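Student: Go ahead and model the full structure; you've got the sequences and the hints to work with.
Residues per chain are reported as follows:
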Amino acid sequence: MVRKVKADPKGVLEGPHFMDGDHALAEGALAAGCRFFAGYPITPSTETAERFAERCPEAGGLFIQMEDEIASIAALIGGAWGGQKVMTVTSGPGMSLMLENIGLACMTETPMVIANVQRGGPSTGLPTLTAQQDMMQARWGSHGDYRVIALVPDSPQECFDLAIEAFNLSETYRVPVLIMTDETVGHMHEKVVIPPADKIEVVERNWYEGPKDQYKPYKFGAENYMPGPMVKVGDGYRFHVTGLVHDERGYPQATVEAGKINITHLIEKIDSNRDKIVRFEADQLDDAEVVVVSYGITSRIAIKAVMDARKQGIKTGNFRMITAWPFPEKQIREIASKVKAIVVPEINYGQMVLEVERLAAGKCKVVSVNSTGGAVHDPNEILAAIKEARS
Amino acid sequence: MNVNANANFAQDNPMSQFLRMERMPHIWCPGCGIGTVVTAFAEAIKKSGLDLDKVAIVSGIGCTGRTAGYVKLDSFHSTHGRAIPLATGLKLANPEMKVVVFSGDGDLTSIGGNHFIHAARRNMDITVICVNNFTYGMTGGQMTPTTPHTANASTTPYGNYEYPFSLPFVADACGATYVARWTSLHARQISGSIKEALNHKGFSFIEVIAPCTTLYQRRNRLGDGLDALEYYQNDAEIAHGMDTRQVDIDYQGKIRIGKFVEKQKPTYLDNVNQHYAQVLGDEYELYGKTTPEREAEEKAKAEAAAAKGGA
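Those protein sequence lines, which keep their order, are chains X and S. Take the position in the first sequence, starting the count at 1, then add 1445; the result is the number in the numbering used here. Take the position in the second sequence, starting the count at 1, then add 582; the result is the number in the numbering used here.
Calculated directly from the structure, the hints in this document are not laboratory data. Since we're looking at a predicted model, the values are computed, not measured. Errors might be hidden in some of the hints.
[Claimed, not checked] Interface residues of chain X toward chain S, partial, derived using beta-carbon atoms under 7 angstroms:
| # | residue |
| --- | --- |
| 1 | Phe1481 |
| 2 | Gly1528 |
| 3 | Glu1713 |
C-beta: ideal position from N, C-alpha, C; glycine also.
Tutor: See below:
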């Protein structure tokens, strides 16, 4: 059951502001009702933690700088079952450290929001420069089979808006939601308009209200695999939470059958609700021969390339993914069946393009405009790829 | 034992109020010390008079880590080594809770070592119980940070040449405000210590030396669980208040036990509230006060206002 309420005015810094994407993430989280933030500093994400630390005393929240990223994400699991809406923010290496516990959050159906302000390279790489190189890690990073939701903002305004959206999705599906932003959006200052609290809709946690002795922390096999309601510690339910395969009571069950029920639920609650979760923007697709499929900061450069191509008489369309995961499969299949080519620019050596190729299944040409990171694309690179793809 | 007798056992067991009897039998080996510590823990919460709904238990991974699953409290079986940060999040999100971390030596002090020292440093208001059997039981008897010098483990087949941690010393040095050590022979003292720790405000740490009969005892030809208890009886010396620098454990040497540290200092949340109230003044709304604390404050405020009005 999804219950929407108006935002708590204590967390809403109403009005127009000039701020960067990292700060906007913190403001979005506060507006969404997040009052617990555990994090560890890492470039280029730290400004979000700093903003939260500054703002939370007045919003009635708590910020704690943990000893490392693993502690931060473990604290979020505790914080969420303690009854709070919780968030952390990190960048590539920190994300790697968090992955095991992201798996625990998936398994225990713990709502939380994790923003990854992406930077370049493996290892320490390019700490202060932009990239989109953790996109596959967001989907496949933790061990075992599971699903998460990942959103990709392209501006500080969208960092604010999608932070709220991330909390809403996280509470609805009881799943960790990732915000896969990047250094450029994180550090870019733009106008961010924060609406008044009564114009912001937030999804409240689905609290259990039935008879006390009938509560089960998990619900498998419901319609569309929707997760069951939650309780918090101290409410007298004496529930058990484990990362082991479990039954609806949360008790460990080490059998093939129990695993099938439990893991199917984790996957299907996202897959079977894909149409409700997937968000995208499409422009000029009707007559397009070539479509540029992009996400995050790269979409803003792609627009310029599409405009230039149109000026040169090339019928080009623009498709921007706002959810990276679940992937907009239906939409990409449809585009692929109508166009000559899809061009996929991304600040990595070719990650999401693999999904596009898989879905295009040979129906159209798929061209990757890849990059080793550190800077956004030159629109001319994308334009050249559009021209080449059409020929 | 027939099925009915088993059902009566579950019903009549004096611990059935504290244990998930439907999860029995547990996975621990005969002669293992963990069960004793769990019983002592159950005794302690019974005697402490705490509302069981307001006590949560968090475990990591391993034999001792399974405790959370057997205890009838809000319980968390987390990832390897991460019980303390999960407990930290739980406590901070819901400060009304008494949060107990219950895990083994390998989990808490090897992979979880960093979290252990930082929770002690912050004086996080949680109780940490470490069942120290000097080995990784569930993974097959490998060396841990507490395995005594020269002891045999599956990853030190020629004897351990690393220096072990003395956990009370580590806890004390990092800022823990309650530190005690017992052996699993000292069931009543463990229980008493846990009761004290539950009522102690701040980071409390209790180490319990316990036998791992299947792996540690056998590999070191030390006999069974009973032999371990005999060793504890002969070689454990009560040394309350002893300087934690002097409580190292040698292979089959003397074990200093007792309460080594008990002191008061503001907890992490006390500091959060005191500091912000000082810096931000009246604008700051105290974070996470428990209901009794808040009621006491409101009462004090109302009385102060009434006294002012009267004057």
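Student: Against each hint, give a clear statement of whether it holds in the structure.
Tutor: Cross-check of the supplied hints:
no., hint, verdict
1, Phe1481, "holds, 5 angstroms"
2, Gly1528, "holds, 6 angstroms"
3, Glu1713, "violated, 24 angstroms"
Hint 3 from the list above is the single one not met by this structure.
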